[in-house]
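**Student:** What follows is each chain in one-letter form.
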Amino acid sequence: MAENPGEWASGALLDGDPGDPCLWMGGPVTRGELASLVDARQGLLESAGLRPGGTAAIRLPPSLEYVAVLLAAWRIGAQVSLLDHRLVRREVDNAMDRLAPQVVVTADSVATAPMMGYAQAVARAQTRPGGRPAATPHVLIQLSSGSTGPSKVIARTAADLLAELGRYEQLEEYPRRGERIVVLASMVHVLGLVGGLLHGLHAGAELVFPDRLTAMSIRAAVAAGTEPTTVLGVPFHAELLTTGGGPLPPLRRMVVAGELVRPWLPARFTATYGVPLGTMYGMTELGVIATDLSGRNAPAVAPAPGMSLRVADGELLAAMPASPYIGLIDDTRWADGWLHTRDAASIDQATGLVTILGRLDSQISVGGLKVDLTEVEQVLCALPGVDSAVVAYDGTIEAYLVLREDGQVSGVEAALAEQLAPFKRPRRLRVLSAMPRTATGKVSRDHAVLRAAAEAQPAGTP
Amino acid sequence: MVAILAAMGDRAPDEVSEEISSLELAWLVSQVEERYDTTLELDDAALARMMTVSGAVATIHQMLEGAADG
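Chains A and B, in that order, give the protein sequences.
If you're matching positions, the first sequence starts at 27 in the numbering used here and goes up one per residue.
If you're matching positions, the second sequence starts at 30 in the numbering used here and goes up one per residue.
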């Protein structure tokens with residue numbers, strides 16, 4: 027093991043002038059103040075047994091506490107798994123069983139409310155029985171939504187993260203030292219984590235978290251400073267912001283990623299604020315892959331410095347020297363030095379610009395969060411009260427199901443709430459007396475057919 | 030309220046279903062606060078009542094009336 031396995035985090039993220047404005051969450055946090063918090067959280071983690079080469083799972087809402095604990099764990103030289111605080115108990119338990127972290131960090135107390143931009147949390151670190159030290163040199167572990175089968179364990183090394191920070195550094199239009207980034211994207215997922223938090227710390231740009239995720243509060247956060255400001259979020263946030271508002275002097279641009287931008291959005295955003303809506307394309311496995319920060323090339327994006335892309339059988343592939351997956355071997359996602367994105371794309375041979383066309387598997391995006399419809403369907407079909415089910419997506423997730431004799435919709439809803447995080451659950455459960463079938467006898471997945479079957483139901487079905 | 034939800038994603042009012050997703054709720058709250066120049070004090074209990082259009086309308090009206098009286 028390296029002499030100081032946590033040195034990468036100290037050097038790239040923590041070092042700097044203690045007086046630098048670093049974060050804003052209800053008030054300013056300087057680099058020096060953050061360093062003190064990190065020192066304190068390091069003590070907390072070490073008391074729970076975290077050592078260099080150890081493993082920790084962090085499940086905290088977006089908060090100053092989350093930032094301090096994450097940096098402390100990395101500085102210790104540990105391998106960190108990040109779990110979304112919205113996951114339900116069963117999902118968390120499954121993740122913990124797979125990851126077997128030695129130390130688990132959760133919130134002892136949380137003060138938050140719906141639509142807050144950040145929470146006040148107090149962390150608790152516990153030793154988990156049966157925890158295993160890191161078996162690989164990776165420092166960051168995240169779970170994907172699996173397109174077939176269980177979710178994938180995605181792992182990145184310190185070198186991977188530093189390389190991505192290097193790509194951000196080379197993007198001329200990305201926020202620089204002394205500027206501000208209003209962060210709307212989740213810091214547990216790659217966009218908010220690397221594009222927001224790590225880049226801000228590394229480059230010296232202040233990370234501002236609005237009090238609430240409403241248009242008014244976000245605009246107020248932008249207007250509260252004088253330095254050039256970039257808003258970082260998902261397309262939903264850009265749509266939210268374009269319903270009103272007008273020129274905001276500190277705003278330099280907004281950058282969104284996470285799902286395809288609707289065609290009318292960039293022009294409407296620029297018409298409202300007079301600045302570009304930039305887009306980025308990336309994956310948890312690789313981080314930022316391609317960008318169009320000026321909006322000049324919309325809807326196409328240009329490969330980020332160092333990224334090598336190609337299209338095979340309509341699918342976008344990204345060069346990657348080693349597989350980002352650990353545990354289950356799935357040679358359909360990474361093979362021979364290429365990562366399969368599962369996105370359909372085309373590349374303009376003359377310019378190298380990439381246009382993302384859509385998804386090739388059953389993964390959809392809800393406000394930037396990835397949901398695998400096959401996973402939702404499998405969970406539904408496995409429930410005791412359910413005879414058969416189909417999950418369809420047409421802007422929202424809808425489920426059509428046939429109940430067993432003793433099955434009840436309320437029971438199904440309760441079971442789903444236990445097994446799936448809220449953003450993955452079908453918005454509506456429509457009960458059918460029988461699944462409509464195609465001419466060959468397969469269950470129909472045609473939206474019109476399913477809807478018609480649901481509407482033909484007798485009264486009394488919810 | 031339906032008109033506000035319909036505007037999210039440019040839908041026709043009859044395309045808006047009774048159930049509200051969390052994204053739609055964020056949209057609704059953001060819009061209402063802007064139009065009425067107020068802040069809705071939402072907690073988890075209020076949120077639970079706002080999972081349908083009818084529930085959202087009732088809860089928001091209560092809050093706006095409360096704000097007017099306060």
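No lab work stands behind these hints: they were computed from the structure.
Honestly, I wouldn't trust all of these hints.
[What the hints assert, rightly or not] Label-pair restraints from in silico Cβ distances:
hint	chain 1	residue 1	chain 2	residue 2	range
1	A	G58	B	A77	37 to 43 angstroms
2	A	Q152	B	R64	26 to 32 angstroms
3	B	A77	A	A126	33 to 39 angstroms
4	A	V136	B	A36	49 to 55 angstroms
5	B	R78	A	A250	38 to 44 angstroms
6	A	E59	B	A74	43 to 49 angstroms
7	A	Q152	B	V86	20 to 26 angstroms
8	B	A36	A	G45	34 to 40 angstroms
9	B	R78	A	D362	20 to 26 angstroms
10	A	R158	B	L93	37 to 43 angstroms
11	A	S320	B	A77	40 to 46 angstroms
12	A	V148	B	L93	53 to 59 angstroms
[Stated by the list, open to error] Covered stretches of chain A, going by a simulated chain B footprint (3 or more residues, C-beta under 8 angstroms):
hint	stretch
13	81-91
14	139-151
15	240-251
[As the list claims (entries may be wrong)] From chain A, some residues computed to sit far from chain B (all C-beta separations above 12 angstroms):
hint	residue
16	M51
17	E198
18	A370
19	S372
20	G384
21	P410
22	G421
23	T422
Here a beta-carbon is modelled for each residue, glycine too, at the ideal position from N, C-alpha and C.
**Student:** For every hint, state whether the structure bears it out.
**Tutor:** Do the hints match the structure? See the list:
1. A:G58 to B:A77: 37 to 43 angstroms: holds (42 angstroms)
2. A:Q152 to B:R64: 26 to 32 angstroms: violated (46 angstroms)
3. B:A77 to A:A126: 33 to 39 angstroms: With a Cβ separation near 35 angstroms, A77 (chain B) and A126 (chain A) satisfy 33 to 39 angstroms, so the hint holds.
4. A:V136 to B:A36: 49 to 55 angstroms: violated (33 angstroms)
5. B:R78 to A:A250: 38 to 44 angstroms: violated (32 angstroms)
6. A:E59 to B:A74: 43 to 49 angstroms: About 35 angstroms separates the Cβ atoms of E59 (chain A) and A74 (chain B), which means 43 to 49 angstroms is violated.
7. A:Q152 to B:V86: 20 to 26 angstroms: Violated, at about 44 angstroms.
8. B:A36 to A:G45: 34 to 40 angstroms: Check failed, 45 angstroms falls outside 34 to 40 angstroms.
9. B:R78 to A:D362: 20 to 26 angstroms: With a Cβ separation near 54 angstroms, R78 (chain B) and D362 (chain A) fall outside 20 to 26 angstroms, so the hint is violated.
10. A:R158 to B:L93: 37 to 43 angstroms: violated (54 angstroms)
11. A:S320 to B:A77: 40 to 46 angstroms: holds (43 angstroms)
12. A:V148 to B:L93: 53 to 59 angstroms: With a Cβ separation near 34 angstroms, V148 (chain A) and L93 (chain B) fall outside 53 to 59 angstroms, so the hint is violated.
13. 81-91: violated (count 0)
14. 139-151: It holds: at least three residues are needed, and the stretch 139-151 of chain A offers 3 whose Cβ sits within less than 8 angstroms of chain B.
15. 240-251: holds (count 3)
16. M51: For M51 (chain A), whose nearest Cβ neighbour in chain B is about 18 angstroms away, the distance exceeds 12 angstroms, so it holds.
17. E198: The assertion about E198 (chain A) holds, with a minimum of 32 angstroms to chain B.
18. A370: Per Cβ check, A370 (chain A) is outside 12 angstroms of chain B; nearest 22 angstroms; holds.
19. S372: holds (26 angstroms)
20. G384: holds (17 angstroms)
21. P410: holds (24 angstroms)
22. G421: violated (7 angstroms)
23. T422: Non-interface label on T422 (chain A) violated, nearest chain B Cβ at 6 angstroms vs cutoff 12 angstroms.
Taken one by one, the earlier hints fail for this structure at numbers 2, 4, 5, 6, 7, 8, 9, 10, 12, 13, 22, 23, listed in ascending order.
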